[in-house]
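S.K.: Residue numbers (numbering that gives the first Met the number 0), protein chains in the order written: chain A, 0 to 145; chain B, 0 to 351.
I should point out that these hints are in silico values taken from the structure, not numbers from a laboratory.
Mixed in with the good hints, there may be bad ones.
As a list, the in silico DSBU-like pairs of lysine-lysine whose alpha-carbon atoms are at most 35 Å apart [what the hints assert, rightly or not]: (1) A/37 <-> B/105; (2) A/95 <-> B/185; (3) B/133 <-> B/115; (4) A/95 <-> B/115; (5) B/165 <-> A/37; (6) B/202 <-> A/95; (7) B/150 <-> B/115; (8) B/133 <-> B/185; (9) B/133 <-> B/105; (10) B/133 <-> A/37; (11) A/37 <-> B/202; (12) A/95 <-> B/165; (13) A/95 <-> B/133; (14) A/95 <-> B/209; (15) A/37 <-> B/209.
Quick caveat, the model's predicted, so the values are computed rather than measured.
Residue strings, one per chain:
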Amino acid sequence: MIGSLWQKGVSLIEALVAAVIIGVGFISVYAVSGYAVKSINDSVEHNQINFLSNIAAEDVITDTSNASNYTFSQTNCNFTKSNITQMALEKINRMKDIFLLNQKYCNKNSHKRQINLINKKNQKTSIINYQHGLNKKEKRIFLLVE
Amino acid sequence: MWNSYYQKGLSLVEALIAIIVTSIVIGASVASYSIVSSTYQKQSNLIDINNNSRQSLTGLIQDIRNAGYVEYQTNHGALTDFISIESDPNYSCCKKIEVTYDQNKKDRITVSYFVKPNSNQSYDLIRSSQVLRKEGSITNSQPKIDLTVAKNIDVFQLNGLDAQGKTTSVNNNIKTIDIYGVFRSKSEFFNQVSLFDTVIVNKKYSFNDKFFRENFTTSVSLRNTLTASSAVVFPKLKDAFGREIDKVEDIFSNCWVFKSANYPDKWMQFMTRSTKGAYVDWGCGSNNNNVNAQQMVGYLSMTFRYHKVDQYVNVSTNSTGNDPNAIVIDVVLTATDGITKKNYSFTINSLR
Numbered sequence: 000m001i002g003s004l005w006q007k008g009v010s011l012i013e014a015l016v017a018a019v020i021i022g023v024g025f026i027s028v029y030a031v032s033g034y035a036v037k038s039i040n041d042s043v044e045h046n047q048i049n050f051l052s053n054i055a056a057e058d059v060i061t062d063t064s065n066a067s068n069y070t071f072s073q074t075n076c077n078f079t080k081s082n083i084t085q086m087a088l089e090k091i092n093r094m095k096d097i098f099l100l101n102q103k104y105c106n107k108n109s110h111k112r113q114i115n116l117i118n119k120k121n122q123k124t125s126i127i128n129y130q131h132g133l134n135k136k137e138k139r140i141f142l143l144v145e
Numbered sequence: 000m001w002n003s004y005y006q007k008g009l010s011l012v013e014a015l016i017a018i019i020v021t022s023i024v025i026g027a028s029v030a031s032y033s034i035v036s037s038t039y040q041k042q043s044n045l046i047d048i049n050n051n052s053r054q055s056l057t058g059l060i061q062d063i064r065n066a067g068y069v070e071y072q073t074n075h076g077a078l079t080d081f082i083s084i085e086s087d088p089n090y091s092c093c094k095k096i097e098v099t100y101d102q103n104k105k106d107r108i109t110v111s112y113f114v115k116p117n118s119n120q121s122y123d124l125i126r127s128s129q130v131l132r133k134e135g136s137i138t139n140s141q142p143k144i145d146l147t148v149a150k151n152i153d154v155f156q157l158n159g160l161d162a163q164g165k166t167t168s169v170n171n172n173i174k175t176i177d178i179y180g181v182f183r184s185k186s187e188f189f190n191q192v193s194l195f196d197t198v199i200v201n202k203k204y205s206f207n208d209k210f211f212r213e214n215f216t217t218s219v220s221l222r223n224t225l226t227a228s229s230a231v232v233f234p235k236l237k238d239a240f241g242r243e244i245d246k247v248e249d250i251f252s253n254c255w256v257f258k259s260a261n262y263p264d265k266w267m268q269f270m271t272r273s274t275k276g277a278y279v280d281w282g283c284g285s286n287n288n289n290v291n292a293q294q295m296v297g298y299l300s301m302t303f304r305y306h307k308v309d310q311y312v313n314v315s316t317n318s319t320g321n322d323p324n325a326i327v328i329d330v331v332l333t334a335t336d337g338i339t340k341k342n343y344s345f346t347i348n349s350l351r
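My request is simple: use the sequences and hints to build the entire structure.
M.R.: Spelled out as structure tokens, the structure:
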């Protein structure tokens with residue numbers, strides 16, 4: 000500033016650049032605050048879906064000899080079921096009601112949230128598979144069914 | 000500023016521009032402060048909902064899983080009515096649950112969960128517990144402990160399912176409990192009124208305000224009751240060394256013989272263990288001359304660690320005369336549905 004004899008103060012360009020830098024700073028604060036809320040919301044959802052998958056886990060644990068009955072793929076809240084015991088039918092239907100209650104878990108394509116329970120006959124493991132959140136995080140729970 | 004000969008100070012235009020620029024910057028920082036602070040509010044509201052739901056539901060699940068647990072050789076008697084779910088007479092939003100279980104030999108705890116209105120026009124979820132301590136012949140109740148496990152809960156519903164997976168209102172038939180909670184933010188969250196609609200067990204709950212709400216649903220199965228269905232698997236009886244019992248000689252060789260005031264001559268007791276960790280505590284006696292089936296029934300007791308089983312015991316002798324050379328013990332284990340049964344029959348060929 001002192002170097003030039005003619006310069007009286009800050010040039011317009013300098014002032015504009017400074018304003019842009021400060022502006023970027025403020026915009027990033029807005030962006031970060033929005034992201035922070037989303038991330039915590041994600042954590043709430045994670046918690047919620049953990050509790051939801053617990054329903055599936057409890058059903059399998061208490062009816063281990065019919066674990067394969069509890070296979071379902073949840074897309075638009077339609078559950079595939081055939082040839083299963085009355086108890087499994089009742090429980091899966093009630094699970095469907097619960098997912099309908101939590102509407103956002105019912106549309107796989109638009110929200111990328113889903114719970115799948117994979118049980119294969121004659122296999123001793125049961126897999127609960129779910130996706131959720133901003134980055135479509137996938138989580139699996141393995142149950143050992145004896 | 001002093002390097003220029005002509006310049007005496009800021010011109011009016013410069014000063015005005017400086018004031019405008021400064022006020023824009025100050026305005027932006029004030030705006031960003033309010034955004035950051037509202038973000039903080041929202042975050043703390045969400046964290047609150049998260050913590051409240053996780054803490055309260057995890058604790059509740061733990062208590063329900065323990066319901067009906069009877070400690071091996073407990074000082075207390077049998078535990079028959081260990082769970083009850085009822086509608087809260089004061090608050091239609093919510094239900095009450097009460098469970099009982101043994102913490103150890105002398106302490107039997109009764110835990111109940113219910114809601115209480117708070118100053119925030121919502122409810123707090125309370126866990127109230129009381130221990131009944133029994134040592135020798137002295138029984139006393141420990142002080143009641145009330146704990147607020149969740150704040151701002153708008154709906155707390157419980158739905159008991161029976162062995163067939165159907166909703167039941169009979170406490171003794173409950174095998175699985177679905178838990179529904181609608182948790183609310185502690186302060187207003189949205190700028191505009193927003194509608195939250197939910198249907199829980201065929202009942203509609205509707206809220207129209209600026210608060211944020213989230214549904215939490217989970218399920219828990221009782222551990223201390225047999226799942227009565229076609230899939231009932233009774234534990235195989237095993238002796239204290241983990242061997243399956245199918246012949247009485249096995250039991251007989253592993254029993255501890257001791258004398259009893261009621262049965263001065265011969266008395267034996269043995270402990271067996273089932274495959275799923277169930278302890279079966281048997282005692283059987285003979286007064287040498289004859290076996291009194293009724294008296295023996297009184298001494299046959301069973302404590303299943305994970306399953307509650309009604310028992311019907313029949314004891315008879317297969318010899319004539321006063322000196323039995325064999326005792327037949329027929330045990331019918333009846334599942335709590337009252338239908339599914341399993342027979343065990345043991346013959347004790349001779350008593351030491």
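S.K.: Now tell me if each hint is right for this structure.
M.R.: How the hints compare with the structure:
1. A/37 <-> B/105: Violated - the C-alpha atoms of residue 105 of chain B and residue 37 of chain A are around 49 Å apart, more than 35 Å.
2. A/95 <-> B/185: holds (30 Å)
3. B/133 <-> B/115: Satisfied, since the Cα-Cα distance of roughly 31 Å is no more than 35 Å.
4. A/95 <-> B/115: With Cα atoms ~31 Å apart, residue 95 of chain A and residue 115 of chain B stay inside 35 Å; holds.
5. B/165 <-> A/37: violated (38 Å)
6. B/202 <-> A/95: holds (16 Å)
7. B/150 <-> B/115: holds (10 Å)
8. B/133 <-> B/185: violated (42 Å)
9. B/133 <-> B/105: At roughly 5 Å apart (the allowed maximum being 35 Å), residue 105 of chain B and residue 133 of chain B satisfy the hint.
10. B/133 <-> A/37: violated (52 Å)
11. A/37 <-> B/202: holds (31 Å)
12. A/95 <-> B/165: Distance ~14 Å between residue 95 of chain A and residue 165 of chain B Cα, so the pair holds.
13. A/95 <-> B/133: violated (46 Å)
14. A/95 <-> B/209: Distance of about 29 Å is within 35 Å: holds.
15. A/37 <-> B/209: With a Cα-Cα distance of about 18 Å, the restraint between residue 37 of chain A and residue 209 of chain B holds, given a limit of 35 Å.
Checked against the numbered hints given earlier, this structure breaks hints 1, 5, 8, 10 and 13; the rest are met.
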